[in-house]
Structure formats: C-alpha cells, structure tokens
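Guided by the hints, dock chain C onto chain Y, whose structure is given.
Listed here are the chains, written in short residue letters.
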Amino acid sequence: MGLIYALVAAGLSLIFGLMDVVNFAHGELLMLAMFAVFVLRGVSGADPLLLMPVVALLLFGAGMAIYRGLIARALSVQFNRGMVQIFVTFGLAIFLRGAAQFAFGGEFKSVTGHWLADRSVNLAGVFLPLPQLAAGVVCLLAFAALLAVSRTEFGRALEATREDREAVALIGIDRDRIFALGWALGCATVGIAGAMLAGFYYVNPNVGTSFALIAYVTVALGGFGSMLGALVAGILIGEVEAVTAALFEPAWKQIGVFGIYLVVLMVRPRGLFGKL
Amino acid sequence: MLRIEGLSAAYRGLKALQGVSMEVRKGEIVAVVGANGAGKSTLLKSIAGQVATEGEIVFDGASLRRVAAHDIARRGVCLVPEGRRLFPRLSVEDNLRLGAYARRGEANRFKPLDFVFTLFPRLKERLGQRAETLSGGEQQMLAIGRALMTQPRLLMLDEPSQGIMPRLVDDILAAITRIRDTGVTVLLVEQRLAEALEISDRAYVLQTGRVVMSGAAADIAADSAVRQAYLGL
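Just so you know, the sequences run in chain order Y and C. Residue 85 in the working numbering sits at position 85 of the first sequence; the count goes up by one each step and never skips. Residue 218 in the working numbering sits at position 218 of the second sequence; the count goes up by one each step and never skips.
This is chain Y alone, in the form it adopts within the complex:
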C-alpha cells in the first residue's frame, strides 16, 4: 500500500512543485481512474493490468483538459489568485464526486475475476497477494519512468519552469504548455495508481478522499516537490499504517500516520527531502 500512497503523492507533488498549486481534486482523480477500470473492464472484459496504460492515457488527457479549462484561468486572475486556485480544485473535487455518485450510485463496487485476483505467492513462508505485489512493482516502474522523464530535455524544462516560470519565456519555452504537460503527467501518475488499486480495493465515489488525505501527509513528510521524498515517505507511511494496525486495532491504523505528520510539522516543516 505504501507504494500506492507514494505514487498518488508523486502526482500531487509534481503539480505542486511545478506551479505552487495544491490539487484538492487529486483523490477524486484517483477515484476517476478506478471507475475507468471498472467501466472499461465491464465493456471490454480486459484485465485491469492491461487497462492500466489506457487509464493512464485517459487521465493524462483529463489532466491536460483540467489545466487548460480551469487551472490556466485560475492562474490568470489578477487578485486573490491563491484562493481562486484552492476553490477551483476544491470545486472540481466536489463536482467529480457528485458526478460519480450520479453515474454509478453510492454503493461499493469491486473489479473481480481478473488474472491476479485471489492469488498469492509464498515468499519464505509469507503469503503475498499477487494484486498488491503487482501494484507495488508497477508503482516502482512508474517511479523509474518519472525519474527517466526528469532526465530528459523535457524534464529539464520542467525543472527550469519550476525554478523560474518567468525566465523560461525569455528562451522561447511556452510556460503554459509545460504546466499543461506537468498536470497531465501528474494525473497520469495518479491514473496508474488508481488502475492498480482497482484490482484489490473497493470502488466508490468517496474512495479518493482518504487516499488524498494520506497523499498530503506523504508529500509533507517527503518534502514538497520531491519525487524521492514521495517514494520514501509513501513506503514509510505504508509501514507505519501496517504496524499501527497490527499493534492496536485496524481502525486505528491512521493514528500513527497522522502522528508522524504532526511530528514532521513541528520538527522539520519542509519534510525529509524538501527543497521548497
């Protein structure tokens, strides 16, 4: 689970690091990806693992559309820009949740009968469920892909835009295009996480809320804008959650997570690997 948290947080961190916009609809985008798997599997019968690239592409497009349709406009306002950005993404979250409720109803759904369902591997006496294991591997691959992107020329342009969004225009870089691609990449990342999560987790219009909450903690712990921080913090939070659930009641599992969050805020507000 920690790697899923990490990947959800990576998308959030990428968008925040690039343009200082906290995406309050990030959890709902995860929910959207999970419903996309649910619907596409119903229509095509394809396995969630095969649907993952399709969902990632869909979310990539959604990210681009959200930036062009909403965020770019919010960034262009002259006054109270910070508040406008908050309300735009918050409003988007409410809209997406409501739309999902309207389209699919409020009951819990699950993606069943796929290749990996109910299968596990025995690793030295420890039985690991295959859907979770596959999700972990895919998340690690997604992180490797993000790292690879950061080393490309486009990755350098992203970093440059992050450092000085005005100066990039002086050398002919279209800041708006970089922002749109950053959003698209951040949304595709959460799309991958959602597609893998749908293989073993319930699907519901409210499913994104708790993941988004943990993603904010993960980003704060790892450091705003740091991909490595998101990875390390995600794994750490997954472990803390598991240990807390094992030591106490499963219902208490988030107590450890938010305990860590409070400690980080007090001791190291910029997080473990924060640059900002």
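What you were told as hints is all true, and nothing was included just to trick you.
Which residues of chain Y face chain C? A few of them, derived with a C-beta cut under 8 angstroms, are:
{"id": "1", "residue": "I173"}
{"id": "2", "residue": "D174"}
{"id": "3", "residue": "R175"}
Computed Cβ-Cβ distance ranges for the label pairs, DEER-style:
{"id": "4", "chain 1": "Y", "residue 1": "R270", "chain 2": "C", "residue 2": "F115", "range": "35 to 45 angstroms"}
{"id": "5", "chain 1": "C", "residue 1": "V58", "chain 2": "Y", "residue 2": "S76", "range": "23 to 33 angstroms"}
{"id": "6", "chain 1": "Y", "residue 1": "D20", "chain 2": "C", "residue 2": "L127", "range": "28 to 38 angstroms"}
{"id": "7", "chain 1": "Y", "residue 1": "V43", "chain 2": "C", "residue 2": "F115", "range": "52 to 62 angstroms"}
{"id": "8", "chain 1": "C", "residue 1": "G83", "chain 2": "Y", "residue 2": "V149", "range": "28 to 38 angstroms"}
{"id": "9", "chain 1": "Y", "residue 1": "T152", "chain 2": "C", "residue 2": "R178", "range": "30 to 40 angstroms"}
{"id": "10", "chain 1": "Y", "residue 1": "R151", "chain 2": "C", "residue 2": "V58", "range": "34 to 44 angstroms"}
{"id": "11", "chain 1": "C", "residue 1": "K124", "chain 2": "Y", "residue 2": "V149", "range": "19 to 29 angstroms"}
{"id": "12", "chain 1": "C", "residue 1": "K124", "chain 2": "Y", "residue 2": "A246", "range": "56 to 66 angstroms"}
Calculated from the model, a selection of chain C residues having no Cβ within reach of chain Y, i.e. all distances over 10 angstroms:
{"id": "13", "residue": "R25"}
{"id": "14", "residue": "N108"}
{"id": "15", "residue": "G136"}
{"id": "16", "residue": "T208"}
{"id": "17", "residue": "R210"}
Bear in mind the hints are in silico, worked out from the structure with no lab data behind them. Backbone N, C-alpha and C define an ideal beta-carbon position, used for all residues, glycine too.
Just chain C now, with coordinates in the frame of chain Y:
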C-alpha cells in the same frame, strides 16, 4: 529591423515609458542610456513582451503587439535581463541546452555551443557545475551564452556589467562586439556610459521615460553638455 513608435508602459503603477519611438537597424549595436529610473529596463522588457504596453513594436515587418513573450523569443528577439534569471539549480550545460529547447526537431540546434565556448571558454570548464555556484561574471557569460543558444537575430542586454569584477567587464564588452560581428543585432542598456558608447554605433538617451536625444554614439560620448544634462555625469 526593429521599429518602435509611441511606446508607453506603466510599471508597478508608474509611467515608465511615455511615447518612445526608436529604430534599430540590422547589424548595429545600439545603446540605450540614461539615469536610474529613466525607463531603460522597461523598454527592453516591453520589447520582450514582459510588460503591457501601448504603441507599436515592429520586428522584421511584423507587429509584436499581443504576441506572447515566448513567441517573441522564438521570432529571434532575446533578452538577457538584469539579474540574469538563470536556472540556479541546473548545471551550466543544462542552462545552455535549454536555450535551444524551443528549436526541438531542428538539425544543428546545438551548433551555437561552439561559438559560446569560443566566446566564453570558462563555461566549457564548468559545464557540470550548478549555475548558482558560478561567480557573477561567469553567470553573466552563461546568461549571454544561453541567449545565444536561442539563435537570436536581436539580442537585448540589460546591464551586462552589473555585479561583475572590473577586469571581466572588458571581456563581456568585447564579447558583445564579437556577437555583433556574427550578424546579430544588439540593443544594449548599460550604466557604464563610456564603455557602452565606445562599442555602440548609435545611442538613445532616455530621461523619465522619454527619448530626449539620439544619434551617433561617438557624438553623444563627445558632448559633455549632453552628458551633464541627461546622464548626471
């Protein structure tokens, strides 16, 4: 090459430019001089599309009004701003290569690198270093180098000697002349009046946002009355 007519601009609530008209011809070095607050930097920012303006700016026959800043750079007008605006955490090499980012897909887009290294051999020695670790002079070289990577036809330099050790100022000014010799037109804003006028063909004197004098750089440099009246020297 560049024609400006009746250009007005307000910057941070103040009227920084008021009806400025000027012309820059191909292959020239044109200096814009004036006391602090005369509107020199605003003029360059206006041409680069970074400040809202009224009036007309025409580059190579096409209006630059309502053209986005990045498109102006792509058309061949590149500004090296005051303060350089490098990407401090990126390496020297990344900063330079990003200058050619907008020309992705074009063959030979990194060709200007050779000229940049000929002009500023120090940059070649510091390719892997972060931009923020360079000295002031080296940062200015990098800023000019990055601008040259965009393959500009008009290079605008805002206070290139600012914050640089005196012995490096001559290097930078010599580099500007060499850049012009390759066919790049230069519009130069510089506080070091004597040096700026020495390497320029023509000059415009700005005072409180208006052009109060223009002519051959040598004539303005020689006119002590002008220097006293408008430049505070």
